[in-house]
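Input sequences plus hints: build the corresponding full structure.
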Amino acid sequence: MTTILVFEQLLNGLQFGVMLFLMAAGLTLVFGIMNLVNLAHGSLYMVGAYLTVSAVQWTGNYLAGVALGLLGTLAVGMLVEVIALRTLYERDHLDQVLATFGLILFFNELIAIIWGRTALYMSLPAWLQGHIEIIPGSIYPLYRAVVIGVGLVVGALLWFVVTRTRLGMLIRAGASNRTMVAALGINIRLLYTVVFGFGAALAGLAGLMAGPIYAVQPGMGELILIQVFVVIVIGGIGSIRGALVGSLVVGVVDTLGRAFLKPLLGHFISPPAAEAAGPALASMLIYLLMALVLSLRPEGLFPAKSG
Amino acid sequence: MRARTLILAACVLLLLAVPPLATVFNQPYYIDLLRRVLIFGIAAVSLNLILGYGGLVSFGHAAYLGVGAYSVGILAFYGIHNGWLQWAVAIVASALVALLIGAISVRTRGIYFIMITLAFTQMLYYLGVSVEEFGGDDGMRLKVKSQFSGLVDLGDPVTYYYVVLALLLACMYLVHRLVNSRFGRVIRAAKSNEARTRAIGFSPYPYQLVAFVIAGAMCGLAGALLANHTAYITPAFMDWTRSGEIMFMVILGGMGSIPGPALGAFALLIVEDQLAGWTQHWQVIFGPLLVLSVLFFKRGLAGLLPGGGKDG
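Taken in order, these protein sequences are the chains called A and B.
Heads up: the first sequence begins at 371 in our numbering, then just goes up one per residue.
Heads up: the second sequence begins at 20 in our numbering, then just goes up one per residue.
No wet-lab data here; the hints were simulated from the structure.
Bear in mind the structure is a predicted one, so any value in this text is a computation, not a measurement.
Note that CB positions come from ideal geometry on N, CA and C, so glycine has one too.
Wrong hints could be hidden among the right ones.
[Said to hold, decoys possible] Which chain B residues face chain A? A few, computed with CB under 7 Å, are given here:
(1) 21
(2) 130
(3) 290
(4) 294
(5) 297
(6) 299
(7) 300
(8) 310
(9) 313
[What the hints assert, rightly or not] Stretches of chain A that chain B covers, calculated by requiring three or more beta carbons in the stretch to come under 8 Å of a beta carbon on chain B:
(10) 372-383
(11) 464-475
(12) 601-611
(13) 660-666
Right under this line is the structure:
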């Protein structure tokens with residue numbers, strides 16, 4: 371029984387880690403290539419979730435809604451890049467943080483004006499409901515399993531695009547020397563807009579997949595954004611491999627901590643004390659992990675070589 | 020420099036005149052609003068020490084606001100209302116938390132530093148949310164304000180206003196003395212060129228760490244003041260948007276200037292108050308305003324004063 375419980379929580383951790391990875395990959399790509407710290411990445415996650423909720427209602431078809439939601443987030447991302455963020459590439463990180471902080475306030479309030487402040491519920495089509503049996507005796511929600519699958523496929527695609535295609539070659543070249551790439555006749559501004567749009571779409575994908583699991587509400591992006599920062603700091607800024615490892619570690623540690631820390635502590639200290647300390651410690655666990663990693667490796671686990 | 024001194028002196032005189040004017044015009048709300056401005060002024064002045072002079076972009080300064088406020092709240096919860104003790108504990112506790120966070124984060128640079136300070140503050144925020152004994156998410160009431168053995172009564176809004184004003188001016192003076200001392204020269208040198216600072220024989224780390232701790236302690240005092248101001252303590256004091264706001268106050272007012280952060284606190288909170296009175300969706304205007312101020316208003320308010328933006 372306990373092994374099954376641990377297995378299920380491991381899968382939950384994997385599912386959370388996969389979503390963190392979709393966010394972290396976009397954020398770290400944008401940082402690695404454009405040298406831009408984008409706090410508003412969480413807003414794109416939120417925009418993805420809201421656009422998909424509305425698109426699913428409008429079309430009445432889940433997959434069509436998802437496709438529209440993704441395209442919408444891509445468009446919003448590119449628009450934000452062209453209007454506001456493009457001018458920030460040459461500025462220092464402080465300015466970038468402050469300006470994108472302003473964008474977060476704007477997006478959260480805009481969403482509240484359009485959709486209201488109450489949390490929305492995103493319903494799933496019948497074919498995504500139900501459970502599957504992964505190992506004998508353990509049934510797992512089908513939707514969460516699908517999220518894991520989608521995340522792994524997107525991760526593999528991302529690896530393929532970055533390492534094996536012409537676009538990926540340009541992205542890597544842009545990260546190591548943007549002036550040189552521009553001198554070779556590549557439209558670097560367009561490349562940046564495209565990369566930013568893809569990062570936005572990845573965040574939107576995470577957001578729309580999060581919809582049925584967590585609440586869709588204004589400010590949902592910031593909750594995950596700060597955890598994504600922890601992922602990136604642990605993994606090493608600008609490194610996609612680091613983002614993957616960091617996401618899975620943080621996802622699993624956070625989920626297992628919330629599930630098992632309280633009963634585990636109960637073995638060592640009195641149950642009322644464990645009752646109080648368990649949740650507090652569980653919510654701090656990933657930050658303590660970050661502190662530990664940083665004290666051993668200040669540049670994260672996989673420091674990026676360039677950018 | 021003379022015109023600058025005159026203008027700043029006029030500002031102080033105006034602030035001194037706020038309570039009598041508010042009483043005459045029967046607008047006690049403004050005493051409350053400006054007291055809040057002054058408290059955040061202290062927080063912004065403390066952040067300016069490390070951000071403006073030290074170049075350490077801390078995105079977690081609200082942590083010390085929370086630690087200071089909870090120090091007062093928790094002591095009051097256990098029936099200790101002595102203000103000297105409460106405020107001393109607030110300052111020492113904030114300094115200790117800053118020492119722990121700083122010891123890990125000051126070693127890192129640039130974007131890592133921003134993200135780490137933010138993450139640690141978020142950790143404290145969740146700690147505040149999850150400790151049910153002290154109100155958890157809902158926060159706790161401060162039933163009795165800090166008691167100063169009958170010397171001053173914080174229950175009186177006007178007295179409390181002048182206490183906060185005096186403390187703000189004291190903090191500004193302290194930062195002024197600090198940045199002009201040998202210690203201050205080292206942290207300013209490390210900001211402008213770390214390699215050269217090392218080359219002339221200073222290791223920046225201990226200096227930056229001490230500055231980080233002083234800033235944390237000063238912000239802890241602001242937290243103790245804020246707890247008495249609102250008579251209510253919630254984890255929202257440590258919310259990451261609060262850190263962002265304090266950072267904006269420093270930038271808006273002018274980094275590396277003594278009066279700048281206080282001016283920034285004034286501008287930000289007054290604009291916020293006016294917009295909030297106008298529409299409940301004020302953030303949809305406020306956010307783009309912040310973006311525009313970052314893009315086009317680099318020198319800050321202090322830069323508008325005669326004599327320019329920087330002073331020591």
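Quiz prompt | Indices of hints not satisfied (ascending) | solution = Violated hints: 1, 3, 4, 5, 6 and 10; rest satisfied.
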